[in-house]
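> Sequence:
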Amino acid sequence: MVELIQANWLAFVVVLLIGLLVAWWLFGRATKEPPRTHRPDVLDEGAEPAKRNQALIDSAPAATFVPPSGTATMGGVGEVVSAAAHEEAVDAEPAGRKAQVPEATPATPESQSAAEQDPGPEPASPASPESPVEAGDDLSRLKGVGPKLVAHLHGMGITRYSQIAGWSDEDIDRIDADMGAFKGRIRRDNWVEQARFLASGDTSGYEAKFGKL
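Going by the numbering used here, the sequence shown opens with residue 2, and the numbers climb by one from there.
Simulated from the structure, these hints should not be mistaken for laboratory data.
From a predicted model like this one, the values you see are computed outputs, not experimental measurements.
Be a bit skeptical, because a hint or two may be false.
[Unchecked claim] Distance condition first, Cα-Cα at most 16 Å in a straight line; then the derived EDC-like pairs of lysine to aspartate or glutamate:
id, residue 1, residue 2
1, K149, D139
2, K213, D203
3, K184, D172
4, K184, E171
5, K144, E208
6, K210, D190
7, K144, E194
8, K144, D190
9, K184, D174
10, K210, E194
11, K184, D170
12, K149, D179
[Claimed, not checked] Beta-carbon label-pair distances, calculated as ranges:
id, residue 1, residue 2, range
13, I58, F28, 42 to 50 Å
14, R142, D170, 48 to 56 Å
15, S163, R189, 17 to 25 Å
16, R188, L214, 15 to 23 Å
Where a beta carbon is used, it is the ideal one built from N, C-alpha and C, also for glycine.
Construct the complete structure from the given sequences, taking the supplied hints into account.
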């Protein structure tokens, strides 16, 4: 054993120093008191009863609110002013009512006769049941449409090129059935195509196909 220690004395010294340092560190942590972050007050639960009572006695009394002396005086002044204003309003009310009511003037014979002679404004005449019909297009510009046909179409409510231009085959059959002596003229004179040119204002296209207007 002695030979082993002599051969490795340096290692034994290092191990011994490490052990001493660890023991010193553990012992220092166990005995060290943690720092106090809270300073106890005499009013805390842990304080002695006598110290707590004495602290309550020594503490300053709570401040009491004392109203200013001028408050009551100003309140009395306000009541007096409001009462005086109310009395003035009551006194002035009858005079104001008297001023608002005009005195009735007695009717004179001249005014009565003038009222009897003046019959007042004449009643407005009733409006004429006939209202002006909005002017339509000149349907006589269509090839094959004369004054009689124009009157017949107006009687059916047809007054514009755009109406004729929008006719379908079903519309043509329905309207042609009411044309009487003019039946078949719609397709024969090609009214729909003529009306499309005139409704769009294409006079040159119309004249190129149907002749001069």
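> Any of the earlier hints contradicted here, and which numbers?
14
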